[in-house]
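**Student:** The listed protein sequences correspond, in order, to chains A and B.
Using my numbering, the first residue of the first sequence is number 386, and each one after it goes up by one.
Using my numbering, the first residue of the second sequence is number 386, and each one after it goes up by one.
Do not take every clue at face value.
Identical copies look the same in the list; a pair holds intra-copy or inter-copy alike.
Once the Cα atoms are required to be at most 25 Å apart in a straight line, the calculated BS3-like pairs of lysine-lysine come out as [as the list claims (entries may be wrong)]:
#1 LYS700 x LYS679
#2 LYS1042 x LYS700
#3 LYS1042 x LYS569
#4 LYS849 x LYS613
#5 LYS653 x LYS700
#6 LYS724 x LYS747
#7 LYS700 x LYS849
#8 LYS422 x LYS1042
#9 LYS422 x LYS653
#10 LYS545 x LYS724
Don't read these hints as lab results, they were simulated from the structure.
2 protein chains.
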Amino acid sequence: MTRLLTASLLVATAAIVAADEGMWTFDHFPGGIVQEKYGVRITDPWLDRLRQSVVRLETGCTGSFVSAEGLVLTNHHCVNTCLADNSTAERDLVADGFMAANRDGEMRCQGSQASVLVDTEDVTPRVTAAIARVAPAEAATMRNQTLTRLESACEEAATKRGAPLSCEGVTLYQGGEYWLYKYKRYGDVRLAFAPEQAIAAFGGDPDNFQFPRWCLDMALLRVYENGKPAATPTHLNVNWNGAAEGDPVFVAGHPGTTQRLMTVAQLKTQRDLVLPFWLIRYAELRGRLIQYSKSSDEAERTAMDYLGSIENTIKVRRVQQLSLLDDRMTAQREAEEQKLRAAVAADPSLASARDAWDTIAKAEQRNRDIHIPWVWLEGAAGFNSDLFFYARQLVRAADERARPNAERLREYTEGALPRLRAALEAATPVYPELERVKLSFSLERMREYLGPDHPIVRAVLGTKSPDERAEELIGGSDLADPAVRMRLFDGGRAAVAASSDPVIALARQVDAESRRLRTIVENEVEGPERVAQQAIAQARFKVYGTDLYPDATFTLRLSYGAVQAWVESGTRVEPVTRLDRLYERTTGAPPFALPMRWLDARERLDLSTRANFVTTNDIVGGNSGSPMVNAAGDIVGLVFDGNIHSISGSYWFDTEKNRTVAVHPQFMRVALQQVYRVEPLARELRIPAR
Amino acid sequence: MTRLLTASLLVATAAIVAADEGMWTFDHFPGGIVQEKYGVRITDPWLDRLRQSVVRLETGCTGSFVSAEGLVLTNHHCVNTCLADNSTAERDLVADGFMAANRDGEMRCQGSQASVLVDTEDVTPRVTAAIARVAPAEAATMRNQTLTRLESACEEAATKRGAPLSCEGVTLYQGGEYWLYKYKRYGDVRLAFAPEQAIAAFGGDPDNFQFPRWCLDMALLRVYENGKPAATPTHLNVNWNGAAEGDPVFVAGHPGTTQRLMTVAQLKTQRDLVLPFWLIRYAELRGRLIQYSKSSDEAERTAMDYLGSIENTIKVRRVQQLSLLDDRMTAQREAEEQKLRAAVAADPSLASARDAWDTIAKAEQRNRDIHIPWVWLEGAAGFNSDLFFYARQLVRAADERARPNAERLREYTEGALPRLRAALEAATPVYPELERVKLSFSLERMREYLGPDHPIVRAVLGTKSPDERAEELIGGSDLADPAVRMRLFDGGRAAVAASSDPVIALARQVDAESRRLRTIVENEVEGPERVAQQAIAQARFKVYGTDLYPDATFTLRLSYGAVQAWVESGTRVEPVTRLDRLYERTTGAPPFALPMRWLDARERLDLSTRANFVTTNDIVGGNSGSPMVNAAGDIVGLVFDGNIHSISGSYWFDTEKNRTVAVHPQFMRVALQQVYRVEPLARELRIPAR
């Protein structure tokens, strides 16, 4: 499982609860159910400590403080980009792993940011009142402007108090609630420890989302303030014996996106248009990247991180597609929809929700009409290149910063700019040859989908082939240099207008049409849907009560469950793996080849050591790196994946088969103590001597 | 559009007629409708002459005799493999085209065969009686054995008469009818003329299945007998002025596969399982091949033909998937099904059909369970390699030929062996580097889908990576040599058993499990479905009468229609293109670069010459190269494609938008006479002097 799964439509919803289902907000955790089912009493101090110990990694993962000096436990796959960005042809940190000799040796992850949620504030009345004042077509814009104003005021107040915060507007329950989430943000994140990819992702893509597994998918980061390790007095302890079958466990983290209560019309857009499009696109890109990787060791090294994320996405979307093609699921969702619609029809106080489903269906028709051009231009699928990504941000930032804050596109508000600046400033490597592969591919496919006679295609390609044009763009651009980017960023509109960089020129060339498509989607799809979804959400509260959890939104959530086997095609899948089978499964050829250190260590390890295990918790991409804690609040597992059935968790929770996959602390202990022998970290983590 | 579209499930069905719909058998052509609608009286002599002039190219295309000396007009894309097989690094016939200086210079297309339908015989009573004697699980086997016996008797009788024929069992109307089709077969097919690919497929994959178009997708073959041009006194004339808007036109050819009256359960297997699988698979393969093609000119040249077929298939399956995801279509098909079921329920004489739909739905469930392993092993998706293809045929031919003819797998009966022998004997080039790319890809994906712990995956890969194993297999095999293949073929079981060729060993290694899966599909899916489909077909005849056309089965059909525009998003698409826009559209970069000959010729050509045009005829892949004739029976167009809406013709006929795309004779005339100046062929084709 990769970090946060991006989805083309982010819709927060609510669901009715069964079994260990739900990614609950901390203010609304179903303690009663947990006490009844598992005999564990969840207290406010327990929740507070956990909340203050959980870290959101802005690249799309979770982590947790595990020492008083800013040490963060997360997944190897959450630091993979950091390892790749710091590697060179001579020193491949992804393959070799990284162990800082001491704190001075800890390695900066450029562009990484870590956030801790310190406070939340319900702003539902203010946002809904603002939306109610405008027509549906303007609802999306009004919501955005209102949230931007609230965020700015929140940040200004915090700065005045001398404790700066990053404030983010959060939409829960499809607009049933609006909140401000207030984060303390760390902009200096460094890597202390990461094992070799071969053990962290043992089994590679074939084993991804599978179980049984034997992955040491762990890494240790440290957050710094003012050049020193941050003080984190509130943090979690690791219980090095870890969890055993039947133990109740809790996962705190930042699940990215679920779509459990999209209407059927919205789900069908995903089924018919969005998923098939991305699957075909990513499958071809995978093929190109794999074949490109075979051209040289350096090609393989530089493409690996991106290829891994593509492969992960393909696996996810493939199972999502299967889920949505299951007509039994569609029928169930249609029945739920009919039931709620009947209740709405029978209740005069819910009159505003009556047309909501039809409104959404109509908006989805518009969405379907426009999705393909939208995705190539505004979705930038036609310009798959890091340099284009920089160029678009520079072009738009220049235009947007010339406007009043509340009128800007959401990603260029004052609150959002620090993150943008950090991304532009970071000296992350750009690999020109890889850029050409990606860009040529996307230009060629854009021409296929929009047609060679589409005005944008003609304007972008002229009489050149995709290869020629990609060569010209990537070869002629200086945007790989952070200093060049920052000059353009700081120089604003004048600097961007004066730039002769061909990629900047490209971004300028397509911007008007891209923005036009974005506006259509905002005004004719998102706006009407937002109003309709809010009406449905309120109807759902009225009909079913408020014991509901919202869809995942990459904000802090808590799920409960237990270590538990499941039955696959009539066979019980044991819930815990041990080191013995890791060695039995080693072939010597990637992705089943063990690093030398692990081959050497075999004789001195206890092969009954627990490796990975599964639990019934409800999680999704973005939960990677989440601490899994026991009733005492101590870490007894490190979440890194779900089983194959967890993928359909995007749409529903399969109680029987959906499982979370975690690294067992015993595995981490033998790794740190007996294989890598990183004594100072072992001491800081309070691992008992052997 | 490529030649015949292969589909994993071949099911013949019948449909109710509207508009210009239908791919009719010659014995059942709706002359009355045509006379009424177009005022054209179709006579038996007209039909006979056409039937005798139409040629089936066994590689999946159609052609027609256009002179008394065996000259065959077909598409360039139907001879693309012949051009590629005869090319070398020094002489690229695909790029340069081919023009025989004289008859001696005509170039053999290795392995190509051409067939003319000389007679047909209805054998329905014998086949249905045989099937009725066995249980449903044995129905598929019994049908196969019965058809094999009938074919053998037919061929023996023809040989005794001194006029050998190739007899093929044909299933029409989902088993409503069984026929023997008797062909005169030509095993010596040579190429006389083909233009450069750049003009034959101008616009390449982006323009494939699009219109307007400007493709000179023509080629001229000649069939030989005893080393001399075959005498073909019955042939077609070309009307060099060609068709004009509104003209009634008729297309005779061999449409490959349609699935217009599959049950909803069968369609959903296509929608949910078959199409998503192939789309993802081919999209990745496309990416690998494109990237591989960039590695050298020779890689590009040797991969181009295969890549083109993959790209064509992707486009077809993508639109097929969109068609099946259109719930309106599903609803319409469900309604039709319900209507027929209601009629069956009300008619005691149709009692045998009552459970037919449920039987099929149950069989489809079994099909779904087993499809993935089936497709990797028996479908050979895991062994994507020409050498494996040879190896499997050699291994199986050896085993099957040791059995009585009627008990063999259908592709190894005495009737089928000549075609197999021709394929094994043909000195078609094998490109080892391309083989490794394809085989490594398929081994890697088989491991992903079946899992690294699947017994076959472990047996096939051992501890090696897919790249290592592909290298070992392709590098170690001698099967690229036709002499080696023929020694194994002629040597039978002993020779195959004694072979140490690693690809032969691989084919032996997976054969038991592959056959096991095949048997399950035959006995538990195809058998019960065949019986049920036959019952449905008979019910359909009873309820709707017999004015129905069968689904396409790569057998001779005739469709009617007219040259006609259509309306796309509110805009009329003109039905005929001219040369002027071909030149306007040229960019200089492939696939929009014109060959030098055409650039040079520009000044001397009449740019109002008609290039391509569209008609309302109902066709499908396999019709490529079909003659389009007028009321007089003269050729007024050369079918080479359909528009994008024609792809959903697999499932239904869209009267408003489905269009056939053809090359206009005026285009062929200027090409032969003014651009290529092939005087002897122009004379043989009776092109009037300018």
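**Student:** For each hint, tell me whether it holds in the structure or not.
**Tutor:** Comparing the hints with the structure gives:
When the C-alpha separation of LYS700 and LYS679 is checked against a cutoff of 25 Å, the pair qualifies only within one copy, where the shortest distance is 22 Å, while the shortest distance between copies is 27 Å. Taking the shortest Cα distances, LYS1042 and LYS700 sit within 25 Å of each other inside one copy (17 Å), while across copies they are farther apart (36 Å). In this homomeric assembly, LYS1042 and LYS569 never come within 25 Å of each other (Cα to Cα): the closest approach is 37 Å inside a single copy and 59 Å across copies. In the homo-oligomer, the alpha carbons of LYS849 and LYS613 never lie at most 25 Å apart, since the shortest distance is 52 Å inside one protomer and 47 Å across protomers.
Proximity of LYS653 to LYS700 under the C-alpha cut-off of 25 Å is found in both arrangements, the shortest distances being 20 Å within a copy and 22 Å between copies. When the C-alpha separation of LYS724 and LYS747 is checked against a cutoff of 25 Å, the pair qualifies only within one copy, where the shortest distance is 20 Å, while the shortest distance between copies is 30 Å. Taking the closest pair of Cα atoms, LYS700 and LYS849 come within 25 Å of each other only across two copies (23 Å); inside a single copy the shortest separation is 35 Å, beyond that limit. Within a single copy, LYS422 and LYS1042 get their C-alpha atoms as close as 19 Å, which meets the 25 Å cut-off; across copies the closest is 60 Å, which misses it.
Taking identical chains as interchangeable, the C-alpha atoms of LYS422 and LYS653 are never at most 25 Å apart, the minima being 36 Å within one chain and 41 Å between chains. Taking the closest pair of Cα atoms, LYS545 and LYS724 never come within 25 Å of each other, the shortest separation being 50 Å inside a single copy and 74 Å across copies.
Hints 3, 4, 9, 10, counting from the list given before, are not met by this structure.
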